[in-house]
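> The chain contents come next:
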Amino acid sequence: MERIPILKLGDFLLVTIQVDMHDQLAITLQDDLTTQIAKHASRGVLIDISSLEIVDSFIGRMLANIAAMSKVLDAQTVLTGMQPAVAITLVELGMSLSGIKTALNVERGMEILSQFTDPGYEPQDADGSQE
Amino acid sequence: MISFYEVVKKNEGAILSGWIEEMVRGVRRADLMTDTELKQQAKELLGLFAKAAESSSDAESEAFLQTREFLRDIAKSRMDQGFTPSETALFVLSLKQPIFNALRDALKGNPSDLLNEVWASGNLLDRLALFTVDSAVEFRDQVIGRQQEEMLELSTPVVKLWDGVLALPLIGTLDSARTQVVMESLLSAIVETNSQIAIIDITGVPTVDTLVAQHLIKTITAARLMGADCFLSGIRPAIAQTIVHLGIDLVDVQTKAKLSDAFAMALNRMGKRVVALKPAGAGMVLGSKAKDN
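So the protein sequences, as listed, match chains U and A. Mind the numbering: the first sequence is residues 15 to 145 in my numbering, read in order. Mind the numbering: the second sequence is residues 78 to 370 in my numbering, read in order.
With the rest of the complex left out, here is chain U (with noise of 0.2 Å):
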């Protein structure tokens, strides 16, 4: 069966999603990643969709969901590399995915993920000013 691979680095869970995502996909994917965040204790997860140029609804609710469960199991979420036409989609589609980070590129997902695991980081206020 087709599988999203999981790489752990670190603290983190590294998925890159190089596919054309669908529904039974993105199940499989957020079993797998839970699992994953709870045997590793991960800290943080970084999805990476710049090679995701279709996305609808389901898939939409799918990342939301999957940033929402890494939260309960205190893991964040950043979501790297979507493309222009994927998030006009998303917005669309009424989805802002608010509870999830986003970042331009890995590297820059993983600066968050970082900052978010610092011992001493202090979470922001909403608009995520760091004065």
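Don't read these hints as lab results, they were simulated from the structure. Just so it is clear, CB atoms sit at the ideal spot from N, CA and C, and this is done for glycine as well. Accuracy of the hints is not assured; some may be wrong.
Simulated restraints, written as ranges between beta carbons of each label pair [claimed, not checked]:
no., chain 1, residue 1, chain 2, residue 2, range
1, U, Ser65, A, Glu226, 29 to 35 Å
2, U, Glu106, A, Asp218, 25 to 31 Å
3, U, Glu125, A, Glu269, 19 to 25 Å
One side of the interface only, derived from the structure: several residues of chain U facing chain A at Cβ under 7 Å [claimed, not checked]:
no., residue
4, Met96
5, Pro98
6, Ala101
7, Ile102
8, Leu104
9, Val105
10, Ser110
11, Thr116
12, Ala117
13, Leu118
Once you've looked at the hints, dock chain A against the given chain U.
Relative to the frame of chain U, chain A by itself:
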């Protein structure tokens, strides 16, 4: 029985002079067109009309193709010259009177035939006059369409303010089509320049209603989804009032009154700031840049 086109052919000279007389009295615009030009056009049109009417009584038919093309040219050139569409239509319609006069003389003894021919020729001329109006409207539409396209291209520049900071100065009213272009160009510019902060400046947007605000929020949300922060700047006091009165929720959007404020915040967020290179009077130079040099 005599048909009107035969009458027209026979009395072409008289009709032409009658027509021009009619035009001089009614719709003549000596300021826009010379007499010779007008006579030339009238003569050509009358010739084409008489020829076409011989083989068909339908203004939409193949026989009238040449006439229609000629009228289209006339409509276009008259639009350029500054005629109104109704003046162009009247140019054709004023042909009625001289033709009717000629028909009246030719069909004196036969009122029912006269009526038929007046009806047929009048009908044709009405159609042709309407055709000139249609053509004029069509040309105007083309001009409007082209201008709209140009405005769309002109009005959505994405400017790079700093490494990683983009600005999008919006000018003019935002509608759905324009917002779509704005959104797409901003998002693709974010990807191209790898920018983490985008500033949307609405100083040039005259009014903000719920729809415009919704479009802006959508754009900002889409940018956030891609991993870029979006600030809104250039909000005039009147617009701030409108936004609150309309109950638009901009809580999730970072707003600043001026573009410069938003830019300062962007630099701040990137851990950079502006410092004076010399104590006073020497002008401002950006701190990080000075270090690079």
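> Would you pick out the hints that fail for this structure and give their numbers low to high?
Nothing - there is no hint that the structure violates, so all of them hold.
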